[in-house]
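With the hints as your guide, set chain X onto chain E.
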Amino acid sequence: MKIIKTTLLAMSVAALSQTAMAAKTGATLSTVDPEADRIALQEYMKDRFPDTPVSEYVNGIYAVDAASRAQWEEIEEFPPYELDLEEGEELFNEQFANGKSLADCFDNGGEGIRQNYPMWNDERKTVVTLEMAINECRLQNGEKPYGWKKGPIAKVSAYMAYTSRGNEFVIDIPNDDAKAAYLDGKKFFYTKRGQLNLSCADCHLTGTNRLVRADRPSPALGHSTHFPVVRSKWGNIGTIHRRYEGCHRDSRSEFLKVQSETYRNLEYFQTYMSNGLVVNGPGSRK
Amino acid sequence: MRKLISTLAITGLTLGVAGTAVAGSHGDMIKEGQDVYHGKSRGNCIACHEISDPIANQAGNVGPMMIAMKARYPNKAELRAQIWDATAKNPLSIMPPMGKHNILTEDEIDAVVEYIYQY
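The listed protein sequences correspond, in order, to chains E and X.
When you line the first sequence up against our numbering, it's residues 1 to 286, in that order.
When you line the second sequence up against our numbering, it's residues 1001 to 1119, in that order.
Where hints are given, some of them may not hold.
Residues on chain E that point at chain X, a partial pick, calculated with CB under 7 Å [claimed, not checked]:
no.: 1; residue: Ile39
no.: 2; residue: Arg193
no.: 3; residue: Gln195
no.: 4; residue: Leu196
no.: 5; residue: Asn197
no.: 6; residue: Asp202
no.: 7; residue: Gly207
no.: 8; residue: Val212
no.: 9; residue: Arg213
no.: 10; residue: Ala214
I should point out that these hints are in silico values taken from the structure, not numbers from a laboratory.
C-beta atoms are modelled at their ideal positions from N, C-alpha and C, and glycine is treated no differently.
The following block holds chain E by itself, in its conformation from the complex (with noise of 0.2 Å):
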């Protein structure tokens, strides 16, 4: 019985060091290097997960959890975001008034650059998300933007996702004011907050794959790369800004806006964190 406990008390304590180990690669614009944490993050995993190869963790928990893997391989057979991806491709083709396209506004005609999104724009010192230039585009040619969260927003996103399956995420810091963004999405990651004092890190580096009620959390590295997402108890395809809402909400924190500065500076880090995976969205998870 004290074997027991001991062991389980030594692995909770084994995992808390590993996860400073993983965040140690600097807090200041000096120190920080992003390409040597997303190779912590990397082995990280590695080490949590020695039986999972890298070019999995674009699969979220499935990539970890067998159990539940075969339920997903299951729902995959006929995704349930099929229609969402009909629908996404109409919207992307459809005209504005003004006679031009969602196409006019991005390179290659907006086909297969889901790889280099969220983008930094050196111009207006701010990351740049696919959302938003979906919705910054229209704005400028005279449309009504979308709603941020789900509904046509989620499904061009989707479309645009599905052009660019197979290319690997190339996200790119181009210099320190970009880096400071990285920073400033780093923080916001590893940050205890809110009454439960529940950082994204406890969940999704410590907590990955262990048992919160019923709920196992993903591992951090590859959150980005399959969304937009149709997620069972939403019942509907959402973008991650959706989720970073429900999930700083869980730690009962006052949440901020979709699509604010720290969130786009959340999905830069993120998503820098899954350079060299591959673009798989949309996806779907319970």
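Frame of chain E; chain X shown alone:
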């Protein structure tokens, strides 16, 4: 009659202030502690800690199992301190600081200590 009424009034007052029915007896306290431990909108300890109470449902394993508490915490105050603020011992603890962040009242913490002390 008069006496009964004032007793009821006092009980009502206690209920109102504490928000929960913490009666004097040890058995009631353990019952209250059990409710705190398993209640999703209360301590929700079960989300992270398994415990061998038959009512346990969907126990998590983020934290260690609640077992041999008396042997491991001969000093009950130390156990209470862990629950009041787990970050005192381990600043990175995932465990929410139940007392420090007003997640539970002092009475609720006393009750949950009595409850887990049986295991």
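Requested in this report: If any of the earlier hints don't hold here, list their numbers in rising order.
Outcome: Numbers 1, 2, in rising order.
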